[in-house]
Amino acid sequence: MTGETYLTADEITKTYGDVTAVSEVSLDIPSDAVTGFIGPNGSGKTTLLRMLLGVERPTSGTVSYGGPAAERQLGYLPQRPTFRPGFSVRETAGFYADLVDDDPDRLLERVGLEEVAARPVSGLSGGMTRLLGIAQALAGDPPIVMLDEPASGLDPAMSRLIFDIVESIADAGRAVVLCSHELPLVEETADRLVVLESGRLVRTGSVESLREQTGGPLHETFTALLEQDRATIAAPEGEQA
Amino acid sequence: MTESNRFWTVFVREVQSAVRTRTYIALGVVTGIVLFGLAYAGGGPAGGYVPTVVDTLVAVEVLVPTLAFAVGYRAIADPAVRGELDILDTYPLSTWSYVGGVYAGRALLLLTIVVVPLLALGINVATTAGPETTVFASHRGVDSPFLFIRFIALTGLYALSSLTIAFLLSALAGSRGRALVLALAGLLVITVGGDLAVFAGLDSGVTTSTLGGALAMTPAGAYRGLVFNQVLYVAVPGRSAFVPTWVAALSLLFWWGLTFVGAMLATDAA
Chain H
1 MTGETYLTAD EITKTYGDVT AVSEVSLDIP SDAVTGFIGP NGSGKTTLLR
51 MLLGVERPTS GTVSYGGPAA ERQLGYLPQR PTFRPGFSVR ETAGFYADLV
101 DDDPDRLLER VGLEEVAARP VSGLSGGMTR LLGIAQALAG DPPIVMLDEP
151 ASGLDPAMSR LIFDIVESIA DAGRAVVLCS HELPLVEETA DRLVVLESGR
201 LVRTGSVESL REQTGGPLHE TFTALLEQDR ATIAAPEGEQ A
Chain S
1 MTESNRFWTV FVREVQSAVR TRTYIALGVV TGIVLFGLAY AGGGPAGGYV
51 PTVVDTLVAV EVLVPTLAFA VGYRAIADPA VRGELDILDT YPLSTWSYVG
101 GVYAGRALLL LTIVVVPLLA LGINVATTAG PETTVFASHR GVDSPFLFIR
151 FIALTGLYAL SSLTIAFLLS ALAGSRGRAL VLALAGLLVI TVGGDLAVFA
201 GLDSGVTTST LGGALAMTPA GAYRGLVFNQ VLYVAVPGRS AFVPTWVAAL
251 SLLFWWGLTF VGAMLATDAA
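In order, the protein sequences belong to chains H and S.
Be aware that the first sequence starts at 1, since it is given in our numbering, and climbs by one per residue.
Be aware that the second sequence starts at 1, since it is given in our numbering, and climbs by one per residue.
Since the hints were made in silico from the structure, they are not lab data.
Even for Gly, the Cβ is constructed at its ideal location relative to N, Cα and C.
Some clues are possibly wrong.
Derived CB-CB ranges, DEER-like [to be verified]:
1) H/Gly112 <-> S/Val29: 39 to 49 angstroms
2) S/Leu265 <-> H/Gly3: 35 to 45 angstroms
3) S/Thr21 <-> H/Gly112: 23 to 33 angstroms
4) S/Trp8 <-> H/Ser64: 30 to 40 angstroms
5) H/Asp164 <-> S/Ala120: 51 to 61 angstroms
6) S/Thr21 <-> H/Gly54: 28 to 38 angstroms
7) S/Ile25 <-> H/Ala118: 17 to 27 angstroms
One side of the interface only, derived from the structure: several residues of chain H facing chain S at Cβ under 8 angstroms [said to hold, decoys possible]:
8) Leu53
9) Gly54
10) Val55
11) Glu71
12) Arg72
13) Leu74
14) Gly75
15) Pro78
16) Pro81
17) Thr82
18) Arg84
19) Gly86
20) Asp98
21) Leu99
22) Gln136
Go ahead and model the full structure; you've got the sequences and the hints to work with.
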């Protein structure tokens, strides 16, 4: 179930010299929903996410926030979260929580890290570090949470746990945006998909509507969409549908 | 939550981090050993405060920026590489609160490393200065702990200015490798490059009458000039201003302010 629009991107483009990372992408991010960005490596998912976050400035186009008033509007989990060494899990959560008057214990409970609160962050596994990153992303109850590859490189059980948490974040009324290559998990979790290739938005829609186009699981849909797109680009102008 | 609370949160984390890093304790011990070693090698503590300043000044002029760069060269580069700056961009934390908090924490650490050994040296002078005659013995009447306190205060200002330069270079670096290279380059410019540039200027416009003012434009020259004007003048009868005092004071303030603002702008762009 998707709600009101919390974030709007209007024809945003990002270029680095001669290279166009994202080209004229327009999209809305609704509340109460998980929006999944999928696409091959180098398709511009992370750049798009960072522009929506405001961490990266678009070369052209605008991003506007339309969500509720909040002290912190956006939460962010980077692809490889790394925390300052020498501090415990609780101290690390406490630092971020203090910036927005939140309770670190509540944040750790939210992601199931309360049992390892005293452990140094350097002693966390990759999955636990990712969970601490999600706890940090939830500090201050931001209406929009963006997660860049939240489960990449993790074992299936940890990936499952992380996607369950992602789903519960959206259930709390937030808008969740995630980039991921874990297509089966994205298929289960996302309410809406944004397919990117070579920096262009190829298609947006619900998982069901995209699946209807090929009749198979998401990875087949994904491959079919990209093939269609490449064929469109390769075809002479007059032959394009 | 106010900006000052956020500044405090960042500051407290820096201090906690410094307290837990044993390398900094070692750095303070080494600084103490170097200062005491130099002072005793020159016989300064037995002669009084001013001879002790003479014995240690040249070393302090190099040691302080070295310590400042050791403390600050990764202050902004590290969180930028870790992705922490991107995360903090999503918090209602201004660049001023973040850079200011990190700077205040590291400045406290640097001042502790620099000032505590100097204070210990001053206490040592107070308890061991003997009556034997030295070149400064005729000025024992004006030699006083206040001169040494002035020396410590000026050294503190020099340390704070050196630290902001280290912060600026750290914010510009973008990677740990570049941060190290820039730190070494910055250290060379502060300790040697400034004076060299002024002396090179003797061939093109700088004259003996403007030499003092030109030297006061560089951080090291300004510090050295202020120490001569405010501390060592008692040992040089008939000469009171080695560099224009106000130029040297403004120069240190200018370097501090300029590089601090530069560090904030560079952190914003990082």
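Evaluation of the provided hints:
{"no.": "1", "hint": "H/Gly112 <-> S/Val29: 39 to 49 angstroms", "result": "43 angstroms, holds"}
{"no.": "2", "hint": "S/Leu265 <-> H/Gly3: 35 to 45 angstroms", "result": "39 angstroms, holds"}
{"no.": "3", "hint": "S/Thr21 <-> H/Gly112: 23 to 33 angstroms", "result": "31 angstroms, holds"}
{"no.": "4", "hint": "S/Trp8 <-> H/Ser64: 30 to 40 angstroms", "result": "33 angstroms, holds"}
{"no.": "5", "hint": "H/Asp164 <-> S/Ala120: 51 to 61 angstroms", "result": "58 angstroms, holds"}
{"no.": "6", "hint": "S/Thr21 <-> H/Gly54: 28 to 38 angstroms", "result": "33 angstroms, holds"}
{"no.": "7", "hint": "S/Ile25 <-> H/Ala118: 17 to 27 angstroms", "result": "24 angstroms, holds"}
{"no.": "8", "hint": "Leu53", "result": "6 angstroms, holds"}
{"no.": "9", "hint": "Gly54", "result": "7 angstroms, holds"}
{"no.": "10", "hint": "Val55", "result": "5 angstroms, holds"}
{"no.": "11", "hint": "Glu71", "result": "6 angstroms, holds"}
{"no.": "12", "hint": "Arg72", "result": "6 angstroms, holds"}
{"no.": "13", "hint": "Leu74", "result": "5 angstroms, holds"}
{"no.": "14", "hint": "Gly75", "result": "6 angstroms, holds"}
{"no.": "15", "hint": "Pro78", "result": "4 angstroms, holds"}
{"no.": "16", "hint": "Pro81", "result": "7 angstroms, holds"}
{"no.": "17", "hint": "Thr82", "result": "4 angstroms, holds"}
{"no.": "18", "hint": "Arg84", "result": "7 angstroms, holds"}
{"no.": "19", "hint": "Gly86", "result": "5 angstroms, holds"}
{"no.": "20", "hint": "Asp98", "result": "4 angstroms, holds"}
{"no.": "21", "hint": "Leu99", "result": "5 angstroms, holds"}
{"no.": "22", "hint": "Gln136", "result": "7 angstroms, holds"}
Figure legend: structure checked against the earlier numbered hints; every hint is met.
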